[in-house]
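Enquirer: Spelled out from the first residue to the last, the chains are:
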Amino acid sequence: MSVKILTKHFHIKDSHKIDVYISDGGYKQAERALKEMKPEEILEEVKKSNLRGRGGAGFPTGLKWSFVPKDTGKPVYLCVNSDESEPGTFKDRHIIEKDPHMLLEGIIITSYTIGAHESYIYIRGEYYPQAIRLQEAIDEAYAKGFLGENIFGTGYKLDVKIYRGAGAYICGEETALLESIEGKKGKPRLKPPFPAVVGLYNCPTVINNVETIANIPAIVEKGGEWFASLGPEKNGGTKLYAISGHVNKPGVYEHEMGYPLMKLINEDAGGVIDGLKLKAVIPGGSSVPVLRAEECDINLDYDSVAKAGSMLGSGAVIVMSEKTCMVRALQRLIHFYKDESCGQCTPCREGTGWMLKIINRIVSGNGRKEDVDTLYYIAKGILGHTVCPLGDAAAMPVMSFIDKFRDEFEYFAINKKSKVE
Amino acid sequence: MSEVIPIIIKILFVFSCFLSLAAFLTWMERKQSALMQDRIGANRADILGFRAIGLFHIIADSLKMFLKEDFVPRRGHKFLHTFAPFISAFCAMAVFLVIPFGDVLKIGDKVYKLQIADINVALLLLLAFMSYGIYGVFFAGISSHNKYGLLGGLRGAAQMLSYEVIMGISLVGMVMISGSLSLREIVLSQNKLLFGFLPAWGIFLQPLAFILFLTAGMAETKRTPFDLPEGESEIIGYFIEYSSMKFGLFFLTDFIEVIVVSALLTVFFFGGWNIPYLTQSGFHFPWGWEIALSPIVVTILQVVAFWFKVFFFCWVQLAIRWTLPRFRYDQLMGTTWKMLLPLAIFNVLITGLFILIF
Amino acid sequence: MSEKIKVTINGKEILTTPDKTILQVAEENGIDIPHYCYHPGLPVAGNCRMCLVEVEGARKLQTACSTQVRDGMVVRTDTPQVKEAVRQVLEFMLINHPLDCPVCDQAGECGLQDYYMEYGQYDPKFIENKNKKSKKATPIGKYVILDQERCILCARCVRFTRFITKTEEIGIFNRGDHSEVDLFPGKELNNRYTGNLVDICPVGAMTCRDFRFKCRVWYLEEFDSICPGCSRGCNIKIYYNPHRPHKADGNRVLRFKPRFNPEVNRYWMCDDGRYGYKFIDENRIMYPLKGKEEVYLDEAINSFVSLLKESIPDRTFYLLSANSTNEELFATKKFFVDNYKLENIFLPDEDIFTGDRDDLLITEDKHPNTNGVKAIFNILYKDLIKLDELRELLEEKSISLLIVNRHELPEDVLDFIKENGIKLVYLGTNFNKTSKAADLVFPISVFAEKEGSFINVDKRFQKFSSRLEPLGVSMPEWVLFNRLSELMEFPVYYSSYMNIFKHMISEVGAFKNIDLNNINKYGVLVEL
Amino acid sequence: MSVEISVNLRKKIDEIKKKFPRDKSPILPLLHAFQDEFGYISVEIEEEVAKIVGVSPVYVREVSTFYSMFNNKPVGKYHIQVCGNISCWLRGYDEIVEYIKKKLGIEIGETTPDGKFTLSRVECLGMCDQAPVMQINGDFYGNLTPEKIDEILDNLE
Amino acid sequence: MDKKKKDLNTIQFFYITEIIRGLYITSVHFFKNLALHILHLFGIAKNKKAMVTYQYPEEKREITRRARTRHRIMKREDGTPRCVACMMCETVCPARCIYIVAKEVENPEVEKAPEIFEIDLGRCIYCGYCVEACPEDAIRMDTFILDTASYDRDSMLLTLEDLLNHDNQDDLYNINYMKK
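First to last, the protein sequences are chains R, H, S, C and A.
Each residue of the first sequence is one higher than the one before, counting from 1 in our numbering.
Each residue of the second sequence is one higher than the one before, counting from 422 in our numbering.
Each residue of the third sequence is one higher than the one before, counting from 780 in our numbering.
Each residue of the fourth sequence is one higher than the one before, counting from 1308 in our numbering.
Each residue of the fifth sequence is one higher than the one before, counting from 1465 in our numbering.
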């Protein structure tokens, strides 16, 4: 069996309870970090670990932390992004449900490193039971003195607060998330300035994904080099792969970076359902380009997937069998992006609505052959012209679906029925 | 007293004849042009639904002329402006004083010459009056305080002066042949036969003079193709600021001049009242036939013949007007001085030579 | 910021300062970058995405409105990518924009129309139904009408109410392509600058209820002027309709719009001033009145002269107006004070210090030129007389001739005048009760019909010109005093406006730092 | 029409204000609290929240209309939200939602006449491993089949 | 001059022959038409036309269906004018013969309608630009009413009522033109 970092407590009963966590060696690293290490040392370890942001963009975490300006006189904030709304993604939910204290320990270390005394966990509004569980964990940690004033007797002060979203995919975008915490509409901000300089309440802010933060205790424990050794070059550590769709055993599987995709589908997830043939895979959550079955022979790390013309994203693998109609599948996706577009900037606001109207028309049997080109044209018009990456996220699947399954779209538009159904 | 009454009667007769002919020409011009152009022409004026092929337009026109506002430009010369049309009309009409429209009328023992005044220098009088006509045009042009009027007036004056010369010289030949300046004498001189059958009309004796006179005469009337002083499509000419009956006079003068030119053509080149082979006792054809007629019938025939010839030349002039386009101004002046004047002088020389020889 | 940096836009090297954005630098140098959400008077939003430009080294196209210039930056606005991007963004903007330009009052000065002509997708691909929104042509305040369907969500209005008036009435509700600009249910716009929303709206989503449908904007012509609504002296443009008199009941002036002046009003003006233009065309005195009858000007002037000659200066009383221009006041002073030797010349305080003011533009003093009166007549605020006390004053000084410039006299004064047979001469632009009670009325042209200058509350001397003809025989006051001077055989005679203006700035001490040849378009500060 | 605030809610409000003291941050938690209490966010509630936070009500309305979880119309006692995104759709969303529609006799976005159920379609609920999924008033139900739906809905009734 | 003028030959140079030729042509027309007219008076040879013109009020020339004739304003189904007073026609009109004053309409779908819509036929040059410019297809020039002459200027002014007074959508060619 491969190394488990994030899921190592998952099998234990009541793993979310603080006592269980402590008995399994929890909060040791936080204590050690606060008492023995300097923030610079931790930062150095994290940089060495090649840990890349697990939220989707894959930005090196250590680098991100180092952007925080020192001595601005303003407080520094840590925001943990748990607004896990990308279709196909559910790994953060597993961490929060089964091991919230690992996350909290990570938060303590991270906050200490960047000098934050206040930390927000932005959890999506739909995760109501999970929010309750996390709140329980925080309360337990406060009771033990791991949070609050004078942590571990070091005099270090940290408050962790949960902020519940209310159903907006866009709040997963870091600046939109900040806006949301500030009590506004989740409309992404213009960058620059980046949140590391001007973030929450105009103060320097670090925003990291839950999975990223949960990796921190292990890095502190075993050192950055060990972590970096786990995956291929520039891709350190293990990754939670969330697999869903037409597979027999959907779920979260932890593997080292660079785990082969076909192995994940066939071995971990138990293969495609009903023994059907594989048709397509979306390897990193709905917003990344789709891969055809024959392109799926790749390793799952940021660089390899990018080489194959897609993105690892959040590591959410969505598997589609040969029975899947790609037109209808794209309709679902466009519907999602149209629904979740914040409406701030023009191309995304109008473009997604327009794409939905066209694909709805195709699906309802009123399509024309030109519509496929129009769809592609609109997607191209959105791509790269928006404030935030949601526009790109909406455009990329459309372009890749049409690139790779154009025959199916044209068949539907001309013959008014699906090619596979 | 008994001298005066016949003259008054003759004046009334002549004036009623050519004035009604002038009025008739206003209608005829329209109708003729219409027929030449496959149109139907003026036919709208009606009295109780009766249209009389447009003849009522003459009445309608004159009514309109009389009823319209009489207008003098604000900065125009009021006296000259008013006076100019009268000069024009008067000079044109005065020519008829000397035109013989018949031989003589014998009633009982009285013999009346069918001519208002038989003056022995009639030709000079005639040319003089026609020259005076220029004043009308010129005054009209300069009194209007209008640049188009002025231009028209200048053009008119230059044109009329130039053609006046041709007109005079072209008639010298006929004067030489007849040996008189009296029109009556000139007509009478044509009342014989050449080679026994050809009437000794000016046209046969002086064909070149006929063409020259016709051209100059038409230029005198300032009608197409010599209508540069008016030029409807460009400057509207010397009477641009005229309205009502003052314009009417110019308009009428136009037609009177047509008749004048026709009458002069008749007198000089078509034997005036002469009808070939008709003598005081009746027709004497060269091949021997004779028709005896009473003198009064002969006189009537001659008068009718005169007016018929006049009418015919009116028709010809109108036809030319609606056939030819307008000259350019340089062409107009070039034609007079470079072509017509040498030809006219040449004509005089040739005539002199012939007279000398025969 | 004296530090200069070098930026290259479309191959043109530009020296500028680093505190500016690409869009500002481009605009200063005559390079047109299309934009909707950017407005120089508002914070940057960057949401319309029209101002995309190519910045060398950047992976994606950048918004010119939000990207600050750096030294050595190379920007291109004319590459095919930029053009294609702008065209597509414009197309996105238009897909849900209703095609009701024929109805829309913005047509003719609409950002969408303008840019469509330049960047438009002339081969439209959109064949779906347009989104319907909840408010189509709904009044949202006294002066503004909202049409959500025409809105392109540039959020200029939202930012205006948030950052300029700080009244925060407008928000963008819902999300995605159902986003709509609206007020909170049951509320309406209740700030005093709502007209600016109409100005800043780049499309026809917010149109003016007052101007609505009166006239098409392309019929209008404009000239620069100064708002006479209060002593702020906001710089305005007057839009008038010279060629189509059948519109708007024949009124010439149809609207005021603010004109940029960084020292006075920036980009804005208040509703009171903006919609206070109606007096220019309505209820005007056009011809001199003697008693109640219209008379020829000569006759009226002769009557005035005989009145002046009958009354001795001690028994004559002149009420100045702070609506007169400096030149008029100067002529008044020349005529009445210097030549006629009048001492009873006063400025009443009418509605100065009403307490109606705010921090943005509106001032208490509702006259444009109170400072001008101060400068020319050396009157201090404490010297102002109160109209309520006018009656006692008239009685005390046993006045026989009262000359009123534009004021509305209180009822008791009018009664007093009637009872005591005081002759009342009224100089004014519009009819009021006083003009109706006057023995002699002279028509004075309004500010929009004459050249002149005002001094605003901050002692800023601002000139204005005119392109309107005076209505009837109305004329500037100085022309009237000129005629009177002639008949009274006084020495001063002004042949033209420039004449009097030159004389004024050379003679009035407060104007000594005005340079005749170079009067700043933003006005000159004078010393009072 | 003013909003009556219960003692419990008042306590919650104070707590939230203490926890998120800065700027407009309390708006979202407050709206959550009010929605828990009243079931939906009415215009009056928005004004009330604005008063509590001390901002213009426009801000609150912007927020409450922006986030999909805040209902701006009254909903039934049980708000059934069926995930319609790709993973759930791949695993049979269409049949599930058809079944619920038939069972309750309503279309998406409607409320049953007795005011008990409101059916709506939502985007990904983050439960793709148990697709197809629905959420009823905060509780998740995964691996749905018609039989399971019967069981769940019947238990609610 | 691009084309060189044809040089006159010797005979033409003297002009006389050419004048006679011209006179011949015109005279032939004259006498032929004179004869025909006289014959027509007696009802003979009516099938031979003596003229190419039409005697307008009595005879009418055939016009095509696309001819521009007097204007009309189209109606909506409820009878209100389709015009929204956008002033496009007023703006484009080179003769400035259109006068529109707009008013507001309660219905937000319509919003704007003409209060005054007048066309001064005395000024109109029938260029048809207004029809081209109209974005609502509200103004058309297809009434086939040609005889708009009048004795005073006021009656040349068509009001909105006049312009709306037509049978909507029907074949106005047949109604107004052919049946006369």
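Check the hints yourself; a few may be wrong.
Calculated pairs, EDC-like style, for lysine to aspartate or glutamate (alpha carbon to alpha carbon, straight line, at most 20 angstroms) [stated by the list, open to error]:
{"#": "1", "chain 1": "A", "residue 1": "Lys1567", "chain 2": "A", "residue 2": "Asp1616"}
{"#": "2", "chain 1": "R", "residue 1": "Lys48", "chain 2": "R", "residue 2": "Asp371"}
{"#": "3", "chain 1": "R", "residue 1": "Lys380", "chain 2": "S", "residue 2": "Asp1117"}
{"#": "4", "chain 1": "S", "residue 1": "Lys909", "chain 2": "R", "residue 2": "Glu182"}
{"#": "5", "chain 1": "S", "residue 1": "Lys945", "chain 2": "C", "residue 2": "Asp1330"}
{"#": "6", "chain 1": "S", "residue 1": "Lys993", "chain 2": "A", "residue 2": "Glu1573"}
{"#": "7", "chain 1": "S", "residue 1": "Lys909", "chain 2": "A", "residue 2": "Glu1600"}
{"#": "8", "chain 1": "S", "residue 1": "Lys1281", "chain 2": "S", "residue 2": "Asp1028"}
{"#": "9", "chain 1": "C", "residue 1": "Lys1324", "chain 2": "R", "residue 2": "Asp139"}
{"#": "10", "chain 1": "S", "residue 1": "Lys862", "chain 2": "S", "residue 2": "Asp850"}
{"#": "11", "chain 1": "S", "residue 1": "Lys912", "chain 2": "A", "residue 2": "Glu1570"}
{"#": "12", "chain 1": "C", "residue 1": "Lys1358", "chain 2": "S", "residue 2": "Glu947"}
{"#": "13", "chain 1": "C", "residue 1": "Lys1326", "chain 2": "R", "residue 2": "Glu221"}
{"#": "14", "chain 1": "S", "residue 1": "Lys783", "chain 2": "S", "residue 2": "Asp798"}
{"#": "15", "chain 1": "R", "residue 1": "Lys48", "chain 2": "R", "residue 2": "Asp159"}
{"#": "16", "chain 1": "S", "residue 1": "Lys1212", "chain 2": "S", "residue 2": "Asp1191"}
{"#": "17", "chain 1": "S", "residue 1": "Lys909", "chain 2": "A", "residue 2": "Glu1568"}
{"#": "18", "chain 1": "R", "residue 1": "Lys98", "chain 2": "C", "residue 2": "Asp1446"}
{"#": "19", "chain 1": "H", "residue 1": "Lys489", "chain 2": "A", "residue 2": "Asp1616"}
{"#": "20", "chain 1": "H", "residue 1": "Lys613", "chain 2": "H", "residue 2": "Asp459"}
{"#": "21", "chain 1": "S", "residue 1": "Lys993", "chain 2": "A", "residue 2": "Asp1616"}
{"#": "22", "chain 1": "R", "residue 1": "Lys191", "chain 2": "S", "residue 2": "Asp1117"}
{"#": "23", "chain 1": "A", "residue 1": "Lys1567", "chain 2": "S", "residue 2": "Asp1028"}
{"#": "24", "chain 1": "R", "residue 1": "Lys184", "chain 2": "S", "residue 2": "Glu947"}
{"#": "25", "chain 1": "R", "residue 1": "Lys13", "chain 2": "R", "residue 2": "Glu44"}
{"#": "26", "chain 1": "C", "residue 1": "Lys1325", "chain 2": "R", "residue 2": "Glu267"}
{"#": "27", "chain 1": "S", "residue 1": "Lys839", "chain 2": "R", "residue 2": "Asp392"}
{"#": "28", "chain 1": "C", "residue 1": "Lys1324", "chain 2": "R", "residue 2": "Glu118"}
{"#": "29", "chain 1": "C", "residue 1": "Lys1325", "chain 2": "C", "residue 2": "Glu1355"}
{"#": "30", "chain 1": "R", "residue 1": "Lys369", "chain 2": "S", "residue 2": "Glu907"}
{"#": "31", "chain 1": "S", "residue 1": "Lys1215", "chain 2": "S", "residue 2": "Asp1194"}
{"#": "32", "chain 1": "R", "residue 1": "Lys191", "chain 2": "S", "residue 2": "Glu835"}
{"#": "33", "chain 1": "A", "residue 1": "Lys1510", "chain 2": "H", "residue 2": "Glu711"}
{"#": "34", "chain 1": "S", "residue 1": "Lys966", "chain 2": "C", "residue 2": "Asp1330"}
{"#": "35", "chain 1": "C", "residue 1": "Lys1326", "chain 2": "R", "residue 2": "Asp159"}
{"#": "36", "chain 1": "C", "residue 1": "Lys1324", "chain 2": "R", "residue 2": "Asp159"}
{"#": "37", "chain 1": "R", "residue 1": "Lys307", "chain 2": "R", "residue 2": "Glu295"}
{"#": "38", "chain 1": "S", "residue 1": "Lys1016", "chain 2": "S", "residue 2": "Glu888"}
{"#": "39", "chain 1": "S", "residue 1": "Lys904", "chain 2": "R", "residue 2": "Glu221"}
{"#": "40", "chain 1": "R", "residue 1": "Lys28", "chain 2": "R", "residue 2": "Glu149"}
Hints were generated in silico from the structure; no laboratory data involved.
Remember, it's a predicted structure, so these values are computed and weren't measured experimentally.
Enquirer: All hints, please: hold or fail.
Expert: Results of checking the hints against the structure:
For the suggested pair lysine 1567 of chain A and aspartate 1616 of chain A, the alpha carbons sit about 29 angstroms apart, so the restraint of at most 20 angstroms is broken. A C-alpha spacing of about 49 angstroms is found between lysine 48 of chain R and aspartate 371 of chain R, which places the hinted pair above 20 angstroms, so the restraint is violated. At most 20 angstroms may separate the alpha-carbon atoms for a hinted pair to count; lysine 380 of chain R and aspartate 1117 of chain S exceed this at roughly 78 angstroms. Of the supplied pair hints, the one linking lysine 909 of chain S and glutamate 182 of chain R is violated, its CA atoms being roughly 34 angstroms apart against a limit of 20 angstroms.
Annotation: proposed proximity of lysine 945 of chain S to aspartate 1330 of chain C holds, straight-line Cα distance about 16 angstroms (limit 20 angstroms). Between lysine 993 of chain S and glutamate 1573 of chain A the alpha-carbon distance is near 19 angstroms, which keeps this suggested pair within the 20 angstroms criterion. For the given pair, lysine 909 of chain S sits about 18 angstroms from glutamate 1600 of chain A by alpha-carbon distance, which is consistent with the 20 angstroms threshold. With a C-alpha separation of about 39 angstroms, the suggested pairing of lysine 1281 of chain S with aspartate 1028 of chain S is violated against the 20 angstroms cut-off.
For the proposed pair lysine 1324 of chain C and aspartate 139 of chain R, the alpha carbon gap of about 18 angstroms is at most 20 angstroms, so the pair holds. For the hint linking lysine 862 of chain S to aspartate 850 of chain S, the alpha-carbon distance of about 25 angstroms lies beyond 20 angstroms, and the restraint is violated. Annotation: proposed proximity of lysine 912 of chain S to glutamate 1570 of chain A holds, straight-line Cα distance about 18 angstroms (limit 20 angstroms). Under the criterion of a C-alpha separation no larger than 20 angstroms, the hint pairing lysine 1358 of chain C with glutamate 947 of chain S is consistent with the structure, at around 14 angstroms.
Note on lysine 1326 of chain C and glutamate 221 of chain R: the hinted pairing is violated, with a Cα-Cα distance of about 33 angstroms set against a maximum of 20 angstroms. For the proposed pair lysine 783 of chain S and aspartate 798 of chain S, the alpha carbon gap of about 10 angstroms is at most 20 angstroms, so the pair holds. Taking the CA atoms of lysine 48 of chain R and aspartate 159 of chain R, the gap is about 28 angstroms. The hint is violated against a cut of 20 angstroms. Proposed proximity of lysine 1212 of chain S and aspartate 1191 of chain S is supported: the alpha carbons are some 12 angstroms apart, at most 20 angstroms.
Restraint check for lysine 909 of chain S and glutamate 1568 of chain A: not satisfied, since their Cα atoms lie roughly 24 angstroms apart, outside the 20 angstroms limit. For the hint linking lysine 98 of chain R to aspartate 1446 of chain C, the alpha-carbon distance of about 17 angstroms falls within 20 angstroms, and the restraint holds. Using a Cα cut-off of 20 angstroms, the hinted pair lysine 489 of chain H and aspartate 1616 of chain A holds, with the two alpha carbons roughly 18 angstroms apart. Taken as a hint, the lysine 613 of chain H and aspartate 459 of chain H pair is broken in the structure, with Cα atoms around 42 angstroms apart against an allowance of 20 angstroms.
Between lysine 993 of chain S and aspartate 1616 of chain A the alpha-carbon distance is near 30 angstroms, which puts this suggested pair outside the 20 angstroms criterion. A threshold of 20 angstroms between alpha carbons decides the hint, and for lysine 191 of chain R with aspartate 1117 of chain S the separation of about 67 angstroms lies outside it, so the pair is violated. At most 20 angstroms may separate the alpha-carbon atoms for a hinted pair to count; lysine 1567 of chain A and aspartate 1028 of chain S meet this at roughly 12 angstroms. This hinted pair checks out: lysine 184 of chain R and glutamate 947 of chain S have alpha carbons roughly 14 angstroms apart, not beyond 20 angstroms.
Taking the CA atoms of lysine 13 of chain R and glutamate 44 of chain R, the gap is near 35 angstroms; set against the 20 angstroms cutoff, the hint is violated. Using a Cα cut-off of 20 angstroms, the hinted pair lysine 1325 of chain C and glutamate 267 of chain R is violated, with the two alpha carbons roughly 50 angstroms apart. Note on lysine 839 of chain S and aspartate 392 of chain R: the hinted pairing holds, with a Cα-Cα distance of about 11 angstroms set against a maximum of 20 angstroms. Between lysine 1324 of chain C and glutamate 118 of chain R, the direct Cα distance comes to roughly 16 angstroms. Compliance with the 20 angstroms bound is thereby established for this hinted pair.
Taking the CA atoms of lysine 1325 of chain C and glutamate 1355 of chain C, the gap is about 18 angstroms. The hint holds against a cut of 20 angstroms. A threshold of 20 angstroms between alpha carbons decides the hint, and for lysine 369 of chain R with glutamate 907 of chain S the separation of about 15 angstroms falls inside it, so the pair holds. Annotation: proposed proximity of lysine 1215 of chain S to aspartate 1194 of chain S holds, straight-line Cα distance about 13 angstroms (limit 20 angstroms). The hinted pair formed by lysine 191 of chain R and glutamate 835 of chain S meets the criterion: a straight-line CA distance of about 17 angstroms does not exceed 20 angstroms.
A C-alpha spacing of about 44 angstroms is found between lysine 1510 of chain A and glutamate 711 of chain H, which places the hinted pair above 20 angstroms, so the restraint is violated. Straight-line distance between C-alpha atoms of lysine 966 of chain S and aspartate 1330 of chain C comes to about 23 angstroms, which puts the hinted pair past the 20 angstroms bound. A hinted pair counts as satisfied when its Cα atoms are at most 20 angstroms apart, and lysine 1326 of chain C with aspartate 159 of chain R qualifies at roughly 10 angstroms. The suggested pairing of lysine 1324 of chain C with aspartate 159 of chain R holds, with an alpha-carbon distance near 16 angstroms, which does not exceed 20 angstroms.
A distance of roughly 11 angstroms separates the Cα atoms of lysine 307 of chain R and glutamate 295 of chain R; the hinted pair therefore holds under the 20 angstroms criterion. At roughly 15 angstroms between alpha-carbon atoms, lysine 1016 of chain S and glutamate 888 of chain S fall within 20 angstroms of each other, so this suggested pair holds. Restraint check for lysine 904 of chain S and glutamate 221 of chain R: not satisfied, since their Cα atoms lie roughly 59 angstroms apart, outside the 20 angstroms limit. This hinted pair checks out: lysine 28 of chain R and glutamate 149 of chain R have alpha carbons roughly 18 angstroms apart, not beyond 20 angstroms.
Of the hints listed earlier, those the structure fails to meet are numbers 1, 2, 3, 4, 8, 10, 13, 15, 17, 20, 21, 22, 25, 26, 33, 34, 39, in rising order.
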